[in-house]
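Chemist: So the protein lines, in turn, are chains W and F. Residue numbers for the first sequence follow the working numbering, beginning at 2 and rising by one. Residue numbers for the second sequence follow the working numbering, beginning at 2 and rising by one.
Don't read these hints as lab results, they were simulated from the structure. Here a beta-carbon is modelled for each residue, glycine too, at the ideal position from N, C-alpha and C. Among the hints, erroneous ones may be present.
To be verified - Pair by pair, the computed Cβ-Cβ distance ranges are:
#1 F:Q70 with W:T71: 40 to 48 Å
#2 W:E69 with F:T19: 32 to 40 Å
#3 F:E30 with W:T71: 20 to 28 Å
#4 W:E58 with F:G86: 34 to 42 Å
#5 W:L67 with F:N114: 41 to 49 Å
#6 F:E18 with W:K42: 23 to 31 Å
#7 W:T19 with F:K71: 41 to 49 Å
#8 W:L67 with F:P10: 31 to 39 Å
#9 F:K71 with W:R65: 39 to 47 Å
#10 F:A17 with W:E58: 30 to 38 Å
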Amino acid sequence: EAGVTQFPSHSVIEKGQTVTLRCDPISGHDNLYWYRRVMGKEIKFLLHFVKESKQDESGMPNNRFLAERTGGTYSTLKVQPAELEDSGVYFCASSQAGGSASTDTQYFGPGTRLTVL
Amino acid sequence: AQTVTQSQPEMSVQEAETVTLSCTYDTSESDYYLFWYKQPPSRQMILVIRQEAYKQQNATENRFSVNFQKAAKSFSLKISDSQLGDAAMYFCASGHQGAQKLVFGQGTRLTINP
């Protein structure tokens, strides 16, 4: 069974440009999460999809970030326009549909390292 | 709000020795879960061990075990018989029932000395 995959693995862009990150969750996982780790700091939650719906987007830093999950399969996270402080590693994770009665194990992808110059 | 603190940015241990990584947390939730994740260099993060707060027994996975002290809000990870492949960044995390997001600590970089 394939794990969570993310594309690209690295991205280097200039300030003001747009970047789109993609995440393919484990097949059959309804829950999809985005997290970010800024250099040297803790991994922080960005948002959570249940199928195609945004369940919790409390961690999204500002309106320059747009996440979508059309059809409830893969997800994209677009940063437009990118700023220097957006640099970091963006992780995607997925978990099965556990409902509100449990906290299922989240399986992480390898991350996308974004560098904004 | 939940917080997780890992006070050891770096740790090192001799191969075959035992090492303990510290983690403390704070939460107002009564039903929560604790995790240790491992991220080897240039590889993806994987779950090492998981502990449900309502369980008194400490979780164990082969050479990995936890010391869960609920009253002290402490959740340390013990790695026995350390192997070179254990070298990684280790993250402690918490989650609670009904809210799927995880809250992470800052991470501890573990080096294994041959």
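Chemist: If a hint holds in the structure, say so; if it does not, say that too.
Modeler: Hint-by-hint comparison with the structure:
{"no.": "1", "hint": "F:Q70 with W:T71: 40 to 48 Å", "verdict": "holds, 45 Å"}
{"no.": "2", "hint": "W:E69 with F:T19: 32 to 40 Å", "verdict": "violated, 46 Å"}
{"no.": "3", "hint": "F:E30 with W:T71: 20 to 28 Å", "verdict": "violated, 33 Å"}
{"no.": "4", "hint": "W:E58 with F:G86: 34 to 42 Å", "verdict": "holds, 37 Å"}
{"no.": "5", "hint": "W:L67 with F:N114: 41 to 49 Å", "verdict": "holds, 45 Å"}
{"no.": "6", "hint": "F:E18 with W:K42: 23 to 31 Å", "verdict": "holds, 29 Å"}
{"no.": "7", "hint": "W:T19 with F:K71: 41 to 49 Å", "verdict": "holds, 46 Å"}
{"no.": "8", "hint": "W:L67 with F:P10: 31 to 39 Å", "verdict": "holds, 34 Å"}
{"no.": "9", "hint": "F:K71 with W:R65: 39 to 47 Å", "verdict": "holds, 41 Å"}
{"no.": "10", "hint": "F:A17 with W:E58: 30 to 38 Å", "verdict": "violated, 46 Å"}
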